[in-house]
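These protein sequences, in sequence, are chains A and B.
Just so you know, we're using my numbering here: the first sequence kicks off at 1040 and counts up by one.
Just so you know, we're using my numbering here: the second sequence kicks off at 46 and counts up by one.
Don't read these hints as lab results, they were simulated from the structure.
Note that CB positions come from ideal geometry on N, CA and C, so glycine has one too.
Among the hints, a few may not be true.
Label-pair ranges, simulated between beta-carbon atoms [claimed, not checked]: (1) VAL1166/A with ARG173/B: 18 to 26 Å; (2) SER117/B with GLN1053/A: 35 to 43 Å; (3) GLU205/B with GLU1181/A: 35 to 43 Å; (4) ASP201/B with ASP1103/A: 35 to 43 Å; (5) LYS1156/A with ALA195/B: 35 to 43 Å; (6) LYS1156/A with GLY185/B: 13 to 21 Å; (7) ASP1108/A with GLU205/B: 42 to 50 Å.
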Amino acid sequence: MLLLRRKWPSSKLQPEFRFIRTLRSPHHIVPDDRGFYRISSKAFSPSSSDKKLSGDLEQILAADGLPPDGMYPAVRDPVGAASITVGQMRTAGAGVEHDPVPLNWYHGSATGTGKDKVKRKLAEVAVEFIKIDQKLAARFHEEWDARKAST
Amino acid sequence: MPVNQTLSSSTSLLFAPAAPSSQPAATLSEKSYLIDFATWAAQARSAAQPARVYNRPSWNDQLSANAHSVLSLRPGWDGPGSIAISATLLSRAMFYVESAIKANATSDAAPRLVPGGDGSIQIEWHTRRGELEFDLDTDGAMSIWIRNHASGAEFDGEGEEALSLFYRWAPWISSRLHDAPHAPTAAQMAFLEVAA
Chain A
1040 MLLLRRKWPS SKLQPEFRFI RTLRSPHHIV PDDRGFYRIS SKAFSPSSSD KKLSGDLEQI
1100 LAADGLPPDG MYPAVRDPVG AASITVGQMR TAGAGVEHDP VPLNWYHGSA TGTGKDKVKR
1160 KLAEVAVEFI KIDQKLAARF HEEWDARKAS T
Chain B
46 MPVNQTLSSS TSLLFAPAAP SSQPAATLSE KSYLIDFATW AAQARSAAQP ARVYNRPSWN
106 DQLSANAHSV LSLRPGWDGP GSIAISATLL SRAMFYVESA IKANATSDAA PRLVPGGDGS
166 IQIEWHTRRG ELEFDLDTDG AMSIWIRNHA SGAEFDGEGE EALSLFYRWA PWISSRLHDA
226 PHAPTAAQMA FLEVAA
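If we strip away everything but chain B, and leave its shape as in the complex, we get (with noise of 0.2 Å):
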């Protein structure tokens, strides 16, 4: 099985919907749709969010937006020798956060796509909750840095250690039922016991 599908299984495992399907797993490289990502945003948006009362974009719309820009920036955004962010970079990080909020219907606050001049992508929220900054390098590599506001703790990892941590804590920050404590779920916690 393809890393990408590997990856694409185990993600769908953590937020299984309730039916099975008989579709095999998406592959990220045939996920390239992400691309055009107003349809993305959209569709993320009906499959996972219940109806808003009030005109704030949702996490989709913002997510979109920045991933617009981004992928707009052109060679020599960050000063000599900076070069574009590629949309295959661009979608990775895109798939990682829409596979890892979007069953999270409180999902409220989007993160931020932070690009850096070498080509790499930076996924980023700082909540009242807490902190978590997730590198993707162009390289394949991945880091991940997390704090809890509320025990003060930092955590840190990389490479497959770092995309555990994302999937644990992403839907957590991003929550905007900011009281409700911590508790993953047990798909969660045997994903992370097998991804461990």
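Just chain A, with the same shape it has in the complex (with noise of 0.2 Å):
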């Protein structure tokens, strides 16, 4: 498939389509005091060591005809997802391309992100596209950590 179809070009993704992140617990959520788990900052670092952020691009999705959530989960561990769209991403300061890697035509990378505030910036503006389940959320937590008790 991949070698067949010619990647998109970042001009062509449209501003109001979303660029949509699993999020997996523990590591792109934190508790607050009360337990409550909430999307980190650090969901929207760069996720690589060449410093792009992964994400699925909703845009890429719909011209096959799948839903938004069409290739949820992207990690293991999930507890949800969050979006954003390609225009807010732009307006933060991070650029968005389709970037397809081989189990995954609809991938796309943000570039950019690894500045604070534009990382912050998108933490603001992100929502709970798949809402977090906080129980899930809870037990992945738990059993991470408790890891420390068999290693």
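Hey, can you piece these two chains together into the complex? The hints should help.
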């Protein structure tokens, strides 16, 4: 599939479509002092060594007739998903590009999110596209932290 | 004097014990025992925490468990191209937290160590008093953002300024004495002036 299709140019990505990022517990979310889990701004810092942030592009999913959550979950221990429109990302100072990977044609990358202000702005405007499952988040959190005892 | 030792000396000055030690301050690399997080948590707890009358995990235990989970992440944990968190960077984060709040007997809220897929790590508190996010990058860069809920004020900084702000605000954010006013000690103020 990857070989037969041409990558979308960034200019073709419309601002009203969303960039969707799977939230993994406990590494993308943080509890406040009431134990309520929320999205960490760190969830929008670069997710790879080449300083790009991974997510799925709603516009490319829609072009194939797929729903926005068609590739959810993208990582293990998922507890929800955050979304930000491409327009909001550009306003915050991030670039968005179609960046297909072997197992995900709909994969997109955001650049420029290594800057603290950009990352924080993205966290401010992000919405819980799939609401964080608080109970599941707490369970994964406990399971991860309990690994201490077994290591 | 190595940078590590300078850092350690600075923080020791901030929270110096009553009796001066004849031993030179440990450097960050010498503190690599911090990788044994369980031992570290026990030592820090016995040194700084009063006896508890309930079973809620102390901030040391919570932080130790958190560090273990971060250290167990493998390459690819956050999708294509993501990398593991290095033990060195994690130790550095633990060192900063320990030296900032260990002498504060009222510390209650453990920060959260949040990993980044690029190998960076962020120390976060979200409490009734405010929010603090201190980001440590693999190349040594540091940045911080703080919000005081009472005043609505926000601060941010980078590099050494970020570290100074962290040492100033972490004890206050983590304190369980939510009604106490924030009054930096004279030693803290002296350190901040030097750091500035």
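Cross-check of the supplied hints:
1. VAL1166/A with ARG173/B: 18 to 26 Å: Holds: the Cβ-Cβ distance is about 24 Å, inside 18 to 26 Å.
2. SER117/B with GLN1053/A: 35 to 43 Å: Distance hint for SER117/B, GLN1053/A holds at roughly 40 Å.
3. GLU205/B with GLU1181/A: 35 to 43 Å: holds (37 Å)
4. ASP201/B with ASP1103/A: 35 to 43 Å: holds (41 Å)
5. LYS1156/A with ALA195/B: 35 to 43 Å: violated (23 Å)
6. LYS1156/A with GLY185/B: 13 to 21 Å: holds (20 Å)
7. ASP1108/A with GLU205/B: 42 to 50 Å: holds (44 Å)
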